[in-house]
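Chemist: Chains as they are written, first to last, in this note's numbering: chain A, -18 to 273; chain B, 272 to 676.
These aren't lab readings, by the way, just hints derived from the structure by calculation. As the structure is a computational prediction, the values presented were derived from the model and not from experiment. Some hints here could point you the wrong way.
For lysine-lysine, the following BS3-like pairs were computed, each having C-alpha atoms within a straight-line distance of at most 30 Å [stated by the list, open to error]:
| no. | chain 1 | residue 1 | chain 2 | residue 2 |
| --- | --- | --- | --- | --- |
| 1 | B | K672 | A | K189 |
| 2 | A | K(-17) | A | K46 |
| 3 | B | K672 | A | K(-17) |
| 4 | A | K38 | B | K493 |
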Amino acid sequence: MKLTIQNISKNYGKKQALKGVSFEMGNGVYGLLGPNGAGKSTLIRILVGVMEASEGKVMVNGKHKKPSDREYRSKLGYLPQSLDFYPEFSGLDYLRFVAALKGLEGKAADSRIKDLTEQVHLADDLNRKCVNYSGGMKRRLGIAQALLNDPEILILDEPTAGLDPHERIKFRNLVSIFSRNRTVLLSTHIVSDIDSIAKETVMIKDGKVGRMGSTQSFVDAIAGKVWLMKMTVDELVEYQNDHIISNVIPIGDKLEVRVVSDTKPSVDASSAAPTLEDAYLYEFNQEKGDAI
Amino acid sequence: MKLFYFEMKKLIFNKNRLILLAATFIIFTLMSLLTSSVVFEMRSSSSYQEYLNLVKKYSGILNPQQLAESKQISETARASHEAEYGKGENDLFMVYLFRNPVMKFHYDYGNFGKRVYEYWHGPEPQDKSDIKGVYPLEEKLEALKNQEDSYEYKYYQKRLETELLYGEPVFANKQFWGNFFASFDISRVVFLFLMVLAFFIAPVFTREIKDDMNGIILCSLKGRREIVTAKLLSVCSTSAILTAVYFSGNFIGAFIANGNIAGFDAPARCLEAFGQTSIDTTVGGMALLGILWTMLAAVVFGLAVCLISAWAKNQTSVFGLSILFILTFSMMGFLNDSIYEMIWPLIDFNFVTLSLFGIIFGGSTMYNFLGMPLSYGMAAFIVCMALSAIAVLLTYFAQNKRSVV
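Let the sequences and hints guide you as you build the complete structure.
Modeler: Here's what the structure looks like:
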């Protein structure tokens, strides 16, 4: 499976949300990182065919696919960023409805629903009305519906929002196992969701692809640019205005501050091993010059 | 089939909607009971049995001696009532008749005699643009003798054939059916039926936006075509169910008031609203046909609301727009003749008029279709089919073009 995004642009009136986005995905998990308003959700909607691009095309194994293409839709699994449920449906009703939408019916649908709900720990709550589910349960139900048709292309928009740490780890493992022979695009703000499982990460900003590469390549790119230094609270208040700070840990009466900087920020600063989160912060502050 | 099942569950077969449906059924029944309530007074009168005996005795073709007697009695009663309450107090006089069932019989028989007279001689004054009555029709055809290929000749010839085929009206006890057929009146159809139907259908597509389900539906295998088929079928089924509930309520309300369904096997022309109908059936048959026709009209209207829902963003705008259409169309009947001449297709074939069974099938209206007279009923049926086809096609188109913003 090779999913190619070729020169995708999207205009909302005069505003250009996407500006010639191009990249290619094979099997495995791909992370889509970017700040709010960067164009991630727009790109995802175009990919799943619920929004038309102003320019460009989506290709599967070299063939151009239109949103109306049934074969393409039969390969898709999609979890949108916001998802509500029909108040009159139970979890089981909801999954059966989505299964019917995906062409799964009868015993095949029920068997698939049983497997998936066990994996997302909803098997005991299937007969409850969806509206009575907690935020995390709703998200897990959303993940289950996306996987119902065993999709070749799985697109997840903020899938872990509302999940507790235990559920997030379970989810990561599920996606990781699932992605062996499939393409998974995972859009998130939470860097830890993808840093351990993403084959490659696409950083998107201002409607353009900033960089694309493996987690290691992002980390390598900022080697020697992450520092640890100690300061007081008052010093930090002043310092954070013009520096990228990725973490703060209180140690005694002082704070250990993790700084991402091209140069050594102070003589007593010590070098630290970079993470994808550091790389993300560095990437999105490099051009804007904003401080975090 | 599964999708249809779930669409039905969303639209009507859920707790809230079923409670609403039960409430509307109670309202329909109460409204019918309320409008038939005057019959309770008639039934509790000591002369009610005498009334039934008189109706039974004189059921059938006109008895001239009885007509003369009934006319004299009812005119005397009317004059006495007018002397006491003044002219124009028709409602009060009607209440008086229901309290005096024997007098009601004489009044009804007098009216029946007038209808028999009009059957032969036409109404007075005669509408020269639309001649009625067997003798005036024969005279008109005689005058058009040299224009036998003209539309006018064919039209009047067909009218005369129909009149002669059915013969003059007959008298029958049809009190229950008079109450039941009130459910086909414009005010009830508009305010109790079409508006409720619009409310039920309005969320059929917009709720997918409200519940953030559009994205999942549109990118799924059956989310562009099969889901539309399921939604359209659920709209048709909901329209049919609501029609059945509407008429069940009206039937039960009228039955509680009357306690019988006498007259169901009388000729349909016994009913004043169907005095000119060209359908050869009984009162009961006409009621059944009316229910089926209203069901069809409801389906057409439901599909139109469904189309609006497919293009709109929220349920409120769909419902508001539907109500606007209903009220606008229902007021079109009050437009004067010169405006009617300009926009008659819109007046004769809008969603409200199409829902009025009595207007379409009760009279003798025909249209010049390629030089041949086409009955209002047939023309309305063709329009219903065309409107349904357009609504269905545009709904599929809307879903195919739909995107998530």
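Chemist: Give me the numbers of the hints this structure contradicts, sorted from smallest to largest.
Modeler: none
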